[in-house]
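Peer 1: Add chain R to chain A, keeping to what the hints say.
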Amino acid sequence: MAKALGIVTAAPTRYKVEGMQEHRPIGSFSFAGRYRMVDFPLSNMSNSGMDRILVYINGNPRSLVEHLGSGRTYNINSKRGKLQLLFHDEANTNEIYNTDIASFLDNLATIERSHFEYVIITPSNMVFVQDYDKLLKTHVESGADITLLYHRTDEAREKFHGCDVLNLNRQKGVLSIEMNLGNTKDKNIFMDTYILKKELLLELIDRAKNLSSMYTLSQMVSDVCSEYDVRGVAHRGFFAAITDLKSYYDANLSLIDVKNASSLFDPKWPIYTKTTDSCPTQYFEGASVKNSLISNGCLIEGTVENSVLGRGIKVKPGAVIRNSVVLAYDEIGEGVHIENQVVDKWAKITHAKEIVSDPEKPGYVRRDDIL
Amino acid sequence: MPKNYREVRFMSQNNMLAMILAGGRGSRLLDLTNKVAKPAVAFGGKYRIIDYPLSNCANSGIDVVGVLTQYESVLLNSYVAAGGRWGLDSRDSGVFVLTPREKADEGLSVYRGTADAISQNIDFIDSYSPEYLLILSGDHIYKMDYDEMLNYHKAQKAELTVAVRPVPWKEASRFGIMNTNEAGEIIEFQEKPKEPKSNLASMGIYIFTWKSLRKTLIADMKNPDSSHDFGNDVIPCFLAENRKMVAYKFEGYWKDVGTIDSLWEANMDLLDKKSELNMNDTSWVIYSDDTAALPAYIGPEAEIDRAYITQGCIVEGAVHNSVLFTDAEVKPGAIVEDTVLMPGAVVEEGAKVTRALVANGVTIGKGAVVGSRDSENILLVAKRVKGEE
Chain A
1 MAKALGIVTA
11 APTRYKVEGM
21 QEHRPIGSFS
31 FAGRYRMVDF
41 PLSNMSNSGM
51 DRILVYINGN
61 PRSLVEHLGS
71 GRTYNINSKR
81 GKLQLLFHDE
91 ANTNEIYNTD
101 IASFLDNLAT
111 IERSHFEYVI
121 ITPSNMVFVQ
131 DYDKLLKTHV
141 ESGADITLLY
151 HRTDEAREKF
161 HGCDVLNLNR
171 QKGVLSIEMN
181 LGNTKDKNIF
191 MDTYILKKEL
201 LLELIDRAKN
211 LSSMYTLSQM
221 VSDVCSEYDV
231 RGVAHRGFFA
241 AITDLKSYYD
251 ANLSLIDVKN
261 ASSLFDPKWP
271 IYTKTTDSCP
281 TQYFEGASVK
291 NSLISNGCLI
301 EGTVENSVLG
311 RGIKVKPGAV
321 IRNSVVLAYD
331 EIGEGVHIEN
341 QVVDKWAKIT
351 HAKEIVSDPE
361 KPGYVRRDDI
371 L
Chain R
1 MPKNYREVRF
11 MSQNNMLAMI
21 LAGGRGSRLL
31 DLTNKVAKPA
41 VAFGGKYRII
51 DYPLSNCANS
61 GIDVVGVLTQ
71 YESVLLNSYV
81 AAGGRWGLDS
91 RDSGVFVLTP
101 REKADEGLSV
111 YRGTADAISQ
121 NIDFIDSYSP
131 EYLLILSGDH
141 IYKMDYDEML
151 NYHKAQKAEL
161 TVAVRPVPWK
171 EASRFGIMNT
181 NEAGEIIEFQ
191 EKPKEPKSNL
201 ASMGIYIFTW
211 KSLRKTLIAD
221 MKNPDSSHDF
231 GNDVIPCFLA
241 ENRKMVAYKF
251 EGYWKDVGTI
261 DSLWEANMDL
271 LDKKSELNMN
281 DTSWVIYSDD
291 TAALPAYIGP
301 EAEIDRAYIT
311 QGCIVEGAVH
321 NSVLFTDAEV
331 KPGAIVEDTV
341 LMPGAVVEEG
351 AKVTRALVAN
361 GVTIGKGAVV
371 GSRDSENILL
381 VAKRVKGEE
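Protein sequence lines, in the order shown, are assigned to chains A and R. Positions 1 to 371 (this note's numbering) are the ones given, in order, by the first sequence. Positions 1 to 389 (this note's numbering) are the ones given, in order, by the second sequence.
The following block holds chain A by itself, in its conformation from the complex:
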């Protein structure tokens, strides 16, 4: 088991997910039908034997607080372990002040008081599987001061815009951290995941504070690359970063591919989530469902293709859902045709007969909307 304090950070404020984010922070977004984004970092930590975890929340906390509760879902026993939710008072004046460093500073004592020598920091807007026990061993054995996790991609032109990128030498030493501007296709996307000693983290937080109120942890680490031994470790397997509506839409639909799904969902590495005790999904006469992920509690009388359906979706006779991510408790009425959409929770679409968008620019149907 990884003997380290876990920290799950909120997504950087530069990521804007149209519509969705008005209702909840990215960590609370639904993913693959029945999960929330934050289930992935927390399950990774829980499966790695970590049970002291701090979750930083910015933005509307309601749904995340409700989802996480005491952490029992993630097998964190409230007597032995601890899942702490830490709120950061957002500066309304200018969001440049809402950095990860600012939120660490708001609750610095919780980090200072930790008995662990090491800290593992990981974000709530990225989806991947990682054994932190292994990663911590790699870190300790390498003798590095800071280990950063990255994912090698050849799609950096089209994807991961605004994500940080590791500039590595041949020995995987980190030379600098820059932003992906989409100018070349091969990049080492930084997964915003750090392993370092607690004392070093506290030092970096303190130095960042004195440099600039806008400084983030990744900027600070980039600054100290020549001073400390900072190394990259490559991640393999499914990786998705949610940075805008398109990346959210694509990441969900990519899981319909069995290869991707089985890379993310290994029975030996369960992803935990809060149960809603919804019953199985019922398929009626006349239903046609192909190439889709279907959560429980749906009532399907129409057609569903290449889509991800969350819990409790009603698909009425003659309705057609194609290439869409439908979140939860929505009703797609008789004869309604939706294509290339992200439909937020509790929407009821009965009057609008056709909602079709360009797959390159998927549409967003608002929460609780009646169309």
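Because the hints were derived from the structure by calculation, they are not lab data. Treat the hints with care, as some may be off.
Just so you have them, the derived chain A footprint on chain R, three or more residues with Cβ under 8 Å [as the list claims (entries may be wrong)]:
1. 268-281
2. 285-291
3. 295-301
Have a look at the derived ranges for each label pair, beta carbon to beta carbon [stated by the list, open to error]:
4. Met221/R with Gly69/A: 42 to 50 Å
5. Lys273/R with Asp358/A: 48 to 56 Å
6. Asp272/R with Thr350/A: 22 to 30 Å
Note that the structure is predicted; figures quoted are calculated from it, not measured. Using N, Cα and C, we set each Cβ at its ideal position, and we do this for glycine too.
Peer 2: Leaving out everything else, chain R in the frame of chain A:
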């Protein structure tokens, strides 16, 4: 009065304790109960049979439930002991597995009958000092508000209330029949009568005023001629002593799932568009264990028509009129019709399964053909069926 506050246990809701009789071997379920007790048998895609009475208890405001079992109880024990699944884990509530115990002066015993199972746990029941005791059985599928039944019991000032449901007259001789007077009081009880005088069948759900039952049980324990059974001994005793017993009529969905055919049928009932059980009703949720499984994956060539499919399933073939439990798999080109696939059952490429109940984890090999459309009984497939090599 107890001297120490720790000796007092409260039931904060309706002062009724429930006991579920789950001891039966369930031998009519054949190989399904080789490894698990009947109440732990899977039902309805993601549930186990015992989720129904336990969820009904939780939804009816009952805090404490005892589960009486003496057969293969390890799995059942670990399953029900985590009362959190049904929300029965807040302060002073809980689910307790009660197996026959070794007592100081008696040595290890077995439960000699349904009533004896309660008698042997009088100490447990007394520790909560309930006013009412609800007796349930662990092999029925239904939703029922026991609190409403308790209100009826109180309003009637009865010592025993028996839940009954009208059955078709021609089937009445298969049931325990309660004959009532105009006031709804039970005046006669006939077990499987040749010539039934009423069509009100006992559902095996009893509410007793605990003080009244306790007295009878203590006498019954000492009676060498008693079979220690509620139907054979306790109710006749109440009748003989003219204690007030009333029938509480229940009209909703109710099914005994004691045989392979009836278990299959109850699963098939879920496919009805207007299923009386309405598992989607969020005001009366049936709670269960949650497994870490992906939503159901439906492949590009899948064909699904009238089906009940839960998370973790992978469907790449054809599924008609069937219920698929957690992690069941239908491979490309396979056909599953009028069938129940229990957790982890796999139907390989090109195989065809008709009118069958495929047990947990059983694989039907490539191209194998199992079951037939006009079989009299439902085929239970409990062992791997070899396919083409």
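Peer 1: Does each hint hold? Answer for all of them.
Peer 2: Comparing the hints with the structure gives:
1. Counting residues of the segment 268-281 of chain R whose CB falls under 8 Å from any CB of chain A gives 5; the rule of at least 3 is met.
2. For the segment 285-291 of chain R, the stated coverage by chain A is satisfied: 5 residues place a CB nearer than 8 Å to a CB of that chain, which reaches the threshold of 3.
3. For the segment 295-301 of chain R, the assignment as covered by chain A holds, since 7 residues bring a beta-carbon within under 8 Å of that chain's beta-carbons and 3 suffice.
4. Judged by the Cβ atoms, the range 42 to 50 Å given for Met221/R and Gly69/A holds: they are separated by roughly 46 Å.
5. Between Lys273/R and Asp358/A the C-beta distance comes to about 37 Å, which lies outside the given range of 48 to 56 Å.
6. Hint check: Asp272/R to Thr350/A, Cβ distance near 25 Å, so the stated range 22 to 30 Å holds.
Comparing the model with each numbered hint stated earlier shows that hint 5 is the single one that does not hold.
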